[in-house]
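My request is simple: use the sequences and hints to build the entire structure.
First to last, the protein sequences are chains A and B.
Converting from the first sequence to the working numbering requires adding 1492 to each position, the first position being numbered 1.
Converting from the second sequence to the working numbering requires adding 1492 to each position, the first position being numbered 1.
Treat the hints with care, since some could be wrong.
A pair holds if it fits inside one copy or across any two, identical chains being indistinguishable in the list.
[Said to hold, decoys possible] 16 Å max Cα-Cα, derived EDC-like pairs, lysine to aspartate or glutamate:
(1) Lys1609 <-> Asp1589
(2) Lys1609 <-> Asp1575
(3) Lys1609 <-> Glu1546
(4) Lys1609 <-> Glu1586
(5) Lys1609 <-> Glu1587
Keep in mind that the hints were calculated from the coordinates and are not lab data.
Please read all numbers here as calculations on a predicted model, not as lab measurements.
2 protein chains.
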Amino acid sequence: MSSSTSTPTHSPGETVELTGFSLDTLRYYERIGLIEPVHRAVGGQRRYREEDVEWLGVLRCLRDTGMPIARMREFAEQVRAGDGTFAHRLALLEEHDRGVADQIALLERQRSRIHEKIEHYRAALSPAHT
Amino acid sequence: MSSSTSTPTHSPGETVELTGFSLDTLRYYERIGLIEPVHRAVGGQRRYREEDVEWLGVLRCLRDTGMPIARMREFAEQVRAGDGTFAHRLALLEEHDRGVADQIALLERQRSRIHEKIEHYRAALSPAHT
DNA sequence: CTCACAGCTGGAGCGCACTCCAGGTCAAGT
DNA sequence: ACTTGACCTGGAGTGCGCTCCAGCTGTGAG
Chain A
1493 MSSSTSTPTH
1503 SPGETVELTG
1513 FSLDTLRYYE
1523 RIGLIEPVHR
1533 AVGGQRRYRE
1543 EDVEWLGVLR
1553 CLRDTGMPIA
1563 RMREFAEQVR
1573 AGDGTFAHRL
1583 ALLEEHDRGV
1593 ADQIALLERQ
1603 RSRIHEKIEH
1613 YRAALSPAHT
Chain B
1493 MSSSTSTPTH
1503 SPGETVELTG
1513 FSLDTLRYYE
1523 RIGLIEPVHR
1533 AVGGQRRYRE
1543 EDVEWLGVLR
1553 CLRDTGMPIA
1563 RMREFAEQVR
1573 AGDGTFAHRL
1583 ALLEEHDRGV
1593 ADQIALLERQ
1603 RSRIHEKIEH
1613 YRAALSPAHT
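Written out as structure tokens, the structure reads:
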């Protein structure tokens, strides 16, 4: 049953490097079910497979875009539940994407206000207009 | 000493409407020194002047773009300290602006990954390719 | 006069997402 | 044999930014 191709696995330290999550966060994500129980080497140390690292990449993407952990868990559960949840997952991602779009739009609007302020201060400080 | 033009003031409730901050948040911001002690009507109820509402707009802009409260306090203190702090304020805003730019860039990068996923699910669900 | 209502205060509590800690284990190097 | 360093566990603690609460007061409508 087990695959014959030896998928290279990653030590916890390597996985920290690869994903940008801290060791504590990796363990935390496992505890709360964002990732499935990770395989262990003899001695109990975790070994993350490529597949795990890829999934962590997805989580990173969702976190970076502000998805709350509860929502990520929902998504993770659907992924585990198999291909029958494609439509649901799609809907979830589409909704999230709209949120991200709004977020970007807000940031850009507010950023232009910041630029106005910056210009204001620059003008006030400039040695010009003699 | 007092101005003769009767600046219209706003009740707490109005200010909630105008700024999008909750009553509790308005009081909280006052407590921690993000805004100066607000004038009171007889009876002790707060009356926000136009000027206060505008400053709250600045705070909203900074909050929306993710500036931590501690940094906003720094900024508020410089504003209170007068025109001698223009250069410092400019530097603070410029640094913040760089952070916002990074934030937007990250969101856009990750959003394109989300789009890939969405396309993937759409393809998997589409009834096409017969 | 009575009542509802908006707002007041000081202080406690909350939700989120980690982050830290004490005390232990295992493998490899010298 | 000893030490070092990476990692383990369960559980407690942290930081941020609010948010809620009890108990009170002043104002205006009916």
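Hint numbers the structure violates, sorted upward?
none
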